[in-house]
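Trainee: Each chain is listed here by its residues.
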Amino acid sequence: MNVRKLCYVAATVGALQSCIKDAPLNPEADIETFTVAPDQITSDVFIDQTKSQIRLYLTEEAYQKGIAPLIKVSAGGRVSPASGDSLKFNESGLKEYVVTSATGTQRKYTVEVVQTGVWKFGFERWDTVSAAGASWKYVNPLSDDGRNIWASGNIGIAITGVNEISDFPLHATTEAKDGKYAAVMETKPGNALSGWMGIHLFAGSMFMGNFVTDYLLENPLKCTQFGQSYTGIIPKSFTGDYKYQPGATFIDKDATPVPGKTDECSIYAVLYTGTTRLDATNILTSDRVVATAVLADGTAKNDWTHFDIPFVAVPGKSVLSGQPLMMAIIASSSKEGDHYRGAVGSRLILDNVEIVHE
Amino acid sequence: MKIKISGLVLGMLIAATNTFAQDNGKEQTKNSGFAPGFEHRILAGLNFGATTPIGFPNTIRKVNGYWPEFSPSLGYELSYRVTGRWGAAVAVKLDYKGMGTKDEVQYFPTIITTEDGGRFQGDFSGKNKTIVRNAYVSFPVSAVFTPNNRWRFNLGGYAAWLFSSNFHGTVSDGYIRNGGPTGEKVIISEATFDFGKNMRTFDIGLQGGAAYRVGKKLSVNGNLNWGLRPVFPGDFQGMSFPLYNVYLTLGVTYKI
Numbered sequence: 001m002n003v004r005k006l007c008y009v010a011a012t013v014g015a016l017q018s019c020i021k022d023a024p025l026n027p028e029a030d031i032e033t034f035t036v037a038p039d040q041i042t043s044d045v046f047i048d049q050t051k052s053q054i055r056l057y058l059t060e061e062a063y064q065k066g067i068a069p070l071i072k073v074s075a076g077g078r079v080s081p082a083s084g085d086s087l088k089f090n091e092s093g094l095k096e097y098v099v100t101s102a103t104g105t106q107r108k109y110t111v112e113v114v115q116t117g118v119w120k121f122g123f124e125r126w127d128t129v130s131a132a133g134a135s136w137k138y139v140n141p142l143s144d145d146g147r148n149i150w151a152s153g154n155i156g157i158a159i160t161g162v163n164e165i166s167d168f169p170l171h172a173t174t175e176a177k178d179g180k181y182a183a184v185m186e187t188k189p190g191n192a193l194s195g196w197m198g199i200h201l202f203a204g205s206m207f208m209g210n211f212v213t214d215y216l217l218e219n220p221l222k223c224t225q226f227g228q229s230y231t232g233i234i235p236k237s238f239t240g241d242y243k244y245q246p247g248a249t250f251i252d253k254d255a256t257p258v259p260g261k262t263d264e265c266s267i268y269a270v271l272y273t274g275t276t277r278l279d280a281t282n283i284l285t286s287d288r289v290v291a292t293a294v295l296a297d298g299t300a301k302n303d304w305t306h307f308d309i310p311f312v313a314v315p316g317k318s319v320l321s322g323q324p325l326m327m328a329i330i331a332s333s334s335k336e337g338d339h340y341r342g343a344v345g346s347r348l349i350l351d352n353v354e355i356v357h358e
Numbered sequence: 001m002k003i004k005i006s007g008l009v010l011g012m013l014i015a016a017t018n019t020f021a022q023d024n025g026k027e028q029t030k031n032s033g034f035a036p037g038f039e040h041r042i043l044a045g046l047n048f049g050a051t052t053p054i055g056f057p058n059t060i061r062k063v064n065g066y067w068p069e070f071s072p073s074l075g076y077e078l079s080y081r082v083t084g085r086w087g088a089a090v091a092v093k094l095d096y097k098g099m100g101t102k103d104e105v106q107y108f109p110t111i112i113t114t115e116d117g118g119r120f121q122g123d124f125s126g127k128n129k130t131i132v133r134n135a136y137v138s139f140p141v142s143a144v145f146t147p148n149n150r151w152r153f154n155l156g157g158y159a160a161w162l163f164s165s166n167f168h169g170t171v172s173d174g175y176i177r178n179g180g181p182t183g184e185k186v187i188i189s190e191a192t193f194d195f196g197k198n199m200r201t202f203d204i205g206l207q208g209g210a211a212y213r214v215g216k217k218l219s220v221n222g223n224l225n226w227g228l229r230p231v232f233p234g235d236f237q238g239m240s241f242p243l244y245n246v247y248l249t250l251g252v253t254y255k256i
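One line per chain: the protein sequences are A and B, in this order.
FYI, the numbering for the first sequence is 1 to 358, going by my numbering.
FYI, the numbering for the second sequence is 1 to 256, going by my numbering.
Any given hint could be a false lead.
Said to hold, decoys possible - List of simulated lysine-lysine pairs, BS3-like, C-alpha gap at most 27 Å:
#, chain 1, residue 1, chain 2, residue 2
1, B, K62, A, K222
2, B, K62, A, K21
3, A, K120, A, K180
4, A, K21, B, K129
5, A, K236, A, K301
6, A, K137, A, K88
7, B, K102, A, K21
8, A, K21, B, K127
9, A, K137, A, K222
10, A, K301, A, K177
11, B, K129, B, K62
12, A, K72, B, K127
13, A, K236, A, K253
14, A, K51, A, K95
15, A, K51, A, K21
16, A, K317, A, K120
17, A, K335, A, K261
18, A, K65, A, K108
Since the hints were made in silico from the structure, they are not lab data.
Please model the complete structure; the sequences and the hints are all you need to start from.
Mentor: Dropping the structure here:
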């Protein structure tokens, strides 16, 4: 009887201690969605949560007239200028939005209008990316006019704890064909954290498009959002210069060496229809693909090697007038890197990439 | 041969102790003619409780489930009665302390470090399932109060050494933000964690309880063990708040 009483006392003490407190105020200050009328964009708006940047791909008309975006922020937060306010691009001054969270944290988003007029890239401008209080920093190539056209998986690798610029698979090198810099992609070994996710190597890669971190654990292949808005017809060819050295030991997804197999690089361009980006799960298989230009020879090249690959239309596909198009350029130091297969140490250097029109 | 002799000696010892205990029992029932002496008890029971924060942090939004893991407690107690009512006891116990819980958290800060020097810091919002099952060798020391021949109360402290640890679980249906609340979002449909190796190997705390005699030598007892030392070291940042072992042992004692 009294034992039971004792239990009650113990349980009551426990219960008193275990009261659920009031919900904490939301410290998040994200722009979650930034909606522009579909007829005003040439491809989907991208919100880069690492750089706190909203990338807009606008029609000429929308650029001239301005837009009135609908903005959704983190629960409890507010944004200034407000959702629905017009945003003009013909006025000078920085275009930015400030989100204030329920706790008062502020986050500033800048707006970048991305236009890809010149399809020629020398990788001479590089941007150093980091975050407040973060120990990591990596570099990312910019277009000659300073736009964020290129992306890589570097942020995903930063999340697993890689810190130094040269330890990231994509960085700049002075070993250039022309100009001062070229882009170098190196297949790097995984680490303990990536090992938990079953990832034992990070293939070096860069691509035209954007990288989202959301699906990093669920489905990393969906993180690479390939493509930039493109206008015109199927281009003539895809050209550039590269050097490639495969790493010593090719390993499988589970890190076991595959004897006799040598790593290969991959360099290709894809033209497809629509305004929503394809990703690594469907870039070559989607029925939206119109034409491709794929480097056939992915073997070692000790000296600078020029490639000039004609675009080949997918049988039965052609570009209809007025149809929205997107172009993606994708390069990797390990051809099967998207399946975490390759050789640590494989190194691809890329320079002077161009989409050549007639 | 040696074993047989040892067995015989042990048997004789037990018989002798039993006789002594019975005599002692008779004396107790008479409640007179007390003589100071040692008492021996076997303790057996189950631990119910939690490895828990004392006062929930506001990052824990909802507790969806709790269950005790099978956590036996087995030990031997040696006590000495100085007077008719007062005495002291020391014991050695094998104590499993375990539980499982399912909860929902919001903006829950965590820092995970790996053996290769890797480090991940982030805030998690979503569901969590944690299973704890730790085995300790513990040494309770008590003052014992015996007001009559039915009741026996004890109060004191304990020191415990961890020899086997389990602290693992899953996080699911949520997301983690790299670096803090404004970092990159990574959706987590399900991921596992294991902090078993990070646990402190030494625990110290308060304990106290009561036993009620139901047979000649058999008593039922309840004993609360309240850990005063967080189960994770100060530099462990997988969770931003300290957890303590708070367990109630329900069981029997058998006087030998």
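Trainee: Against the structure, test the hints numbered earlier, and report the numbers of the ones violated in rising order.
Mentor: 1, 6, 13 and 15
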